[in-house]
Amino acid sequence: MKKVETWFRSQNWKAQPFQKQCWKAYAEGKSGMLHAPTGSGKTYALWGGVVEEMLQSAKPIKGLHALWITPLRALGVEIQKSTQEMLRAFAPELEVGLRTADTPQSQRTKMLKSPPFGLVSTPESVHVLLTQKEHPRYFSQLKVVVVDEWHELLGSKRGVQVELALAYLRALQPNLKVWGISATLGNKELAREILLRGTKKFSVVEAKIQKKIRVHSLLPKTMERFPWRGHLGIHLLPQVLQIIQKNKSTLVFTNTRSQCEIWYHQLLDAAPELAGSIAMHHGSIDKKIRLWVEESLRKEELKVVVCTSSLDLGVDFSPVENCIQVGSPKGVGRFIQRAGRSGHHPKAESSIYFLPTHAMELIESVALQNGIQQQQIEDRIPYLNSYDVLIQFLMTLAVGSGFDPVKLYPIITSSFCYQILDQSHWQWILNFLIRGSQSLQQYDEYKKLIRTETGLLKVANKGIALRHRLSMGTIVSGNDLKIRYQKGGYLGSIEEWFISKLNPGDTFAFSGKNLELIRIQKMEVIVKKSKVKQAKIPAWMGGRMSFSAHLSDLLKKALFEQQSESTPEFRSLLPVFEQQKKESLIPKPEELLIERFETKEGFHTVFYPFEGYAIHEAMASLMAYRISLLSPISFSMSFNDYGFELLSDQAFSQEDFLDHDLFTPKQLFEDLVKSINVSEMARRRFRDIAVISGLVFQGYPNKPIQSKHLQSGSQLFFEVFKEYEPDNLLYQQAIEETFDHGMERGRMQLVFEHLAQKKVVWKNCSQPTPFSFPLITDRIRAKLSSETEEDRIKKMYLQLEKSIQ
Amino acid sequence: MTTLSIRSNHFVLHPSGGVYWKETQTWLLADVHLGKVAHFRKNGIAVPREAEGSFYQKMEGLLSLFPVQRILFLGDLFHSDQNNEWYLFEAWVKHQPFALVLITGNHDVIPKWKFEDLGLEVVPQVEEDSFLFHHFPDQETTAFVFCGHVHPGVKLAGVGKQQLKLPCFYQGPTQMILPAFGAFTGLHLLKPRQEDTVFVTTGKKVIEIKKF
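Protein sequences appear in the order of chains A and B. All residue numbers in the first sequence are consecutive under my numbering, ending with 805. All residue numbers in the second sequence are consecutive under my numbering, ending with 1017.
No wet-lab data here; the hints were simulated from the structure. From a predicted model like this one, the values you see are computed outputs, not experimental measurements. Using N, Cα and C, we set each Cβ at its ideal position, and we do this for glycine too. Some hints could be false.
Here are a few chain A residues that face chain B, going by a calculated C-beta distance under 8 Å [to be verified]:
#1 Trp428
#2 Ser437
#3 Ile464
Distance condition first, Cα-Cα at most 30 Å in a straight line; then the derived DSS-like pairs of lysine-lysine [claimed, not checked]:
#4 A:Lys200 to A:Lys221
#5 A:Lys722 to B:Lys917
#6 A:Lys674 to B:Lys970
#7 B:Lys863 to A:Lys722
#8 A:Lys722 to B:Lys1009
#9 A:Lys674 to B:Lys919
#10 B:Lys996 to A:Lys482
#11 A:Lys600 to B:Lys863
#12 A:Lys14 to B:Lys863
#13 B:Lys827 to A:Lys722
#14 A:Lys482 to B:Lys970
#15 A:Lys447 to B:Lys1009
#16 A:Lys722 to B:Lys960
Start from the sequences, fold in the hints, and give me the full structure.
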């Protein structure tokens, strides 16, 4: 490693132990896994090895040698810059290319004709490369694949895409080295196994860099005005402004895009002098604007950026001195990640302020601080048998050079995700793609894949190939419309359902501007700037995040342990606790609290297991189902990270409930299957599956009308499968995913075993309690009913038109 | 089944989505979208074929209920271009003794003469007594209009924040919009006004919804 080390010295850098370990392992031809935090020099830890290998090569260097997969396009820009810089010092003629969805067509074509030495790309773009007929030649010189931020990809369908790409590339290049870079995870072993699979020669390198994180809770001056339910946290605006003014630059993290818009406006209203040095960053904002924001942050031109998870990942914003987290971050890992956006130098301290949006979140703050102290990050649960991603991948290969199913099967099953995919399921998928069903049917004209004379499966026609190319990827967005100024210039995208509620002339806030809707034209929303002060804030239907198991354990501990009471957070909470004790009680560790009270909405029964949103969602359905077996009743349910609520128009009796041992872990999954059939969980999961597997086609860009005859919602597919083809693997997948990821099957069993041990405390209250308040005011609800549909309808009324707030 | 009296004629609202006009022994069916499943399948989207066959099964059920002299299709009988579904339809038509009339809708792109060869009458609209039958709603006329096109549905709300979405017959002061008769068709949710009446169908029963 002499040359690379010399270069390090010439830059006045000192190679760190973990970097040297990586270089050594790489030089020995090993694959491996590097656990290192962002901003620690992890890129060079691997790139050094790649460059050294190139320098050792006797043959002239031609073709693509190194593929670097990163989850975020913005991250790719950084990595390309730093790898290119190092490469140039040794071989000025070699290049590192960047290929993401943002790369212009001309450059893509150029890189395809003469591949660069290194290529930085995203999982999606790697798959797009596989749609090229000549991809085997393109990857013929490939020596290494580096998967960056593997912890972000693991446990998502993008991770499955990476698994498939690796399995396929390994088949092309049996000596391929694979390296993963990841933050410290709960399940490190598994993370490595998924990435490296059968590779025998590997090293695991730990960068022993402990990043110091300082957490401060923003406490309200008095608790009297502190809201009981989740809100925006605007009441703490003065304190936020103080922090912003004290620091060079601050990131304000919000959990949703609408919260982001609102905070931006509130900050600007309260401190108009921020104009010009405040910006906003979220996933719906046009990428040009986002890139500008990132660049300006780097150049220290912005004092504050209000953002969502779109700025969670790795990009180096050294000038950021402080972060503020508005509302619960839902997990220790994410909180550490966000805190890490500040003090990005390897040795600098990170500082983050936690801004609770309601009283209960103060308990969370204590829990998070304990979690950081113990340096524990959540496990990521990998996907198994994602038929939708596999179907998309097979289409990708069929669009390109075609595939031989007999040769491909062992490649697919060499991946972690499909290791248990048996021949019968494989055959099902092939039938699905070739015949569109499992039986030959008369009059059928199904066309997707055809078998060529050489036994390869290829797409049937250009139309199908085009539609596939347009819908690749596993991140499913809603039905989004682009927002454009009348005079030109894109601002971003917005969900159709929001815009459809507006009339021309109405004003809405987007990307920090108040915009007047002029008209909707060809999937574009045409707007102009508005002078109106009050504007509607769009809501985005983002997925709701759940507490990790880890955080809920920490939370329970924080709530139960006496020592918490000395923290400033708990002292501030005293008035809330007093009120809770007056109406009900604060449960002890061995107790399960249930509250019952009546309002004009009906009878509320609220349970507090403190297990996180996802578990509560399933548990609510299950309890509703078990109760509904006692007598016909309909429930509407709401859930949050602390508990869940069953709301009904009749009160089920306390005695009945307690007598029947309804928390039993017996028959748990049988009952869950039955309660889920009537719930919305699987249907929601199916939406993504339908898009990923190509059932739902989202339309040609700029040509929405022509594709209309082929458009149909996933809901309709779900209904049709349920009725006519319940054994369809995609339908089944929706149910399986609901179990494994929606409600974490394994954890659920444990939770019920614990609950069965607990003492149930049932409190009849005269009015809603502080603990229940966030639940009963929640507007996102699920239903379960054991009444017949006809009986339910008779009790219902037409919903009157509601305007958006 | 619910029977309505409109301008002294009698109309039966059937849970399948069809309307039977007693005085003329006519079935009114809107938005069947035949061949939609086949069209999707032809383009590589695997909708179960069984969903398509449901039209013929549903018809068998309807035709045995009342004497039938005529069927009026209120547009969008076929979803798209001609595909193999056509031959099934052709075979079915040959066995039907009554008159078949197609009022053209926006999806009906198959040439008129093909239907006429099968013995169907193809017209832009039908006007009889003081009734107008048309594909599209909101016609400027003094007649009472029966139409389709919209695939109407409503969202119902109940105590306990319950919600249901269901297809419906949507009756205004001068028109009745029929739900889509086809299986793989979807819903367009409407927001009822004070003067409108809504009859939801569960597939088994037609129920009038009271106003809030």
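Enumerated hints in conflict with the structure, sorted upward: 1, 4, 5, 9, 11, 12, 13, 15
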